[in-house]
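So the chains spell out like this:
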Amino acid sequence: MLELEHLSRRFGDKTAVADASLTIAHGEMVGIIGRSGAGKSTLLRLINRLIEPSAGRILSDGRDVTGLRGAELRAWRARTAMIFQQFNLVNRLDVLTNVLCGRLNQMPTTRVLFKIFTPAERALAIRALDRLGLADVAMNRADALSGGQQQRVAIARALMQEPSVMLADEPIASLDPINAKVVMDALLDINQRDGITVLTNLHTLDTARTYCRRIIGMAAGRVVFDGKPEELTESVLHTIYGDAGDGAVLDERMTSTSLPMGIIPAMAR
Amino acid sequence: MIPQDPTNDPAYRLFVQRFGSLRRARIAETWLTIAVLALLFLISAVATDFSPEQIARGIPRIGEYFGKLLSIEPKRGAPSVPVLAWDHLFGGVKEPQSVAYWFYRIDVYTKLLWQTVQMAIIATVMGFTAAFVLCFPATGTLLPLRPVVFLVRRVLEILRTIPQVVLAFIFVWPFGIGPLAGILAIGIHTTGALGKLFTELNENADLRAVEGIRSVGGSWLAQMRYGVMPQVLPGFLSYGLLRFEINVRSSTIIGFVGAGGIGSELKRVIGFNIYEEVSAICILILLVVVALDLTSERIRHRFIGNTV
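Just so you know, the protein sequences line up as chains A and B, in that order. Everything in the first sequence is counted per this note's numbering, starting at 1 for the first residue and increasing by one. Everything in the second sequence is counted per this note's numbering, starting at 1 for the first residue and increasing by one.
Don't read these hints as lab results, they were simulated from the structure. Computed from a prediction, not measured in an experiment: that's the story for all the values here. It cannot be assumed that every hint is accurate.
Stated by the list, open to error - Rough simulated footprint, nothing fancy, chain B against chain A, three-plus residues with beta-carbon under 8 Å:
#, segment
1, 135-149
2, 170-178
Claimed, not checked - Partial chain B-side listing against chain A, Cβ under 10 Å, derived:
#, residue
3, P6
4, T7
5, N8
6, Y12
7, R13
8, F15
9, R26
10, A28
11, L32
12, V36
13, R146
As the list claims (entries may be wrong) - Anything over 12 Å on all C-beta distances counts as not near chain A; from chain B, calculated:
#, residue
14, F19
15, L22
16, L37
17, S51
18, P52
19, A85
20, L143
21, A193
22, Y226
23, C282
Just so it is clear, CB atoms sit at the ideal spot from N, CA and C, and this is done for glycine as well.
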């Protein structure tokens, strides 16, 4: 169980996350929605401890992880795998090595420095890549792949970490609808088959509705909604997305990029 | 952890079957490179008598020179090795081991040092400008005209391969003894050296920005100016300032062959075995280089944040 207690983060005089309290059970798949700048990315980075909180605590199964340092901190990061909007792969390394990077936390320094991976580690990496349909491109350079493929490599890297939580920060925001569906299906599969908790920031409401049984809405750094997709009424959406002040009206036909379930049966795994 | 041996996984077996040889080839390539470099090192070490024993034997003796300096009895009249002594430090011009004795010609040194720095400034600006112009047509990723790239690259190579001292000798003939020969020699070498470094920076520039400028109908020059220059200019400046520091030292050395500046004076005092003056000049050169290093760091930091 992951608990956030009154978590806050300020950048200068700007508050990115304000007093966020959440409890997330093992194996949940949670979608976080909100406008750009609502604090969604900061929240995920706080959980992974890429950013230090200004106030509040993070508890994992009752253990306070807010103050972890050094090796313990790195181990916590390995347990909470991040997936980024811009993939954050190492372009000049091949796909296989990128995926093997998911193991760096558990490897002794000499093997890290001399890039020595065991056959078992390579086999696990290939298995992860194969699961995402990418075993064929294992020896290609990461930047030779398409965006959708790169994001799946990033997910394979996250799988190599054998995490208990996956934090996906706008994983499909730079992808076309078909690739977006492939990536979201992969996350759902990881959640259901491996029982890994998935927290994902999403720009598109219908994606959140389709994939997540629990949705958290953020506005101006605060958690303003926490419930089931069915409870996302017009007025709730107005609280989350607000009035832009520029007369823009929320219209899902414009924001939607996801395809209805089952439109590409070949992709459904 | 997954219980069974993951290497028995069919996907991994397929991977080994398909890519195993490719992977082994890449590893072999790495080892071959390491082996070739190690061999080159060994050959060079043998050829130049670069032996570990000799280094090991020499290391304990490194302090000897300085020990000698300190152990000399302070006495009236010039000691064989120049030292500054505390009890004579603020003595007059006639008193050996005093600051005034060492630096009694400070006015001449300052003028000559300033001339040396000026030589370096002119040579660096000249070389920087020429290298800046030449580096774009020397970058294959930016200019798809192979013969031009080939030609410009060879020109840059020739410019930096001729030793500066040789160039200075050549230029002393037509331009006479004085700073001009030195400036030209250093400027030409700077063009070749900076040209290569600039070209490498250009090669690493992100081509997406260039594509962006091409997409709006920009000419090749516009692509270089707006797509490449903003990315590479901070690097150019960094290398340019580093080169300036190197050029200050170079213009000192080049003075030895009659090309003006503090170098000519240094050669003279070395020739006459006036060790106090040799030490004084060396200290002054060191101070100038440190001062330049500090200034160039400030310039660079100020520059990096700005748009170009």
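Any hints this thing doesn't respect? Which numbers, in order? 2, 10, 11, 12, 13, 14 and 15
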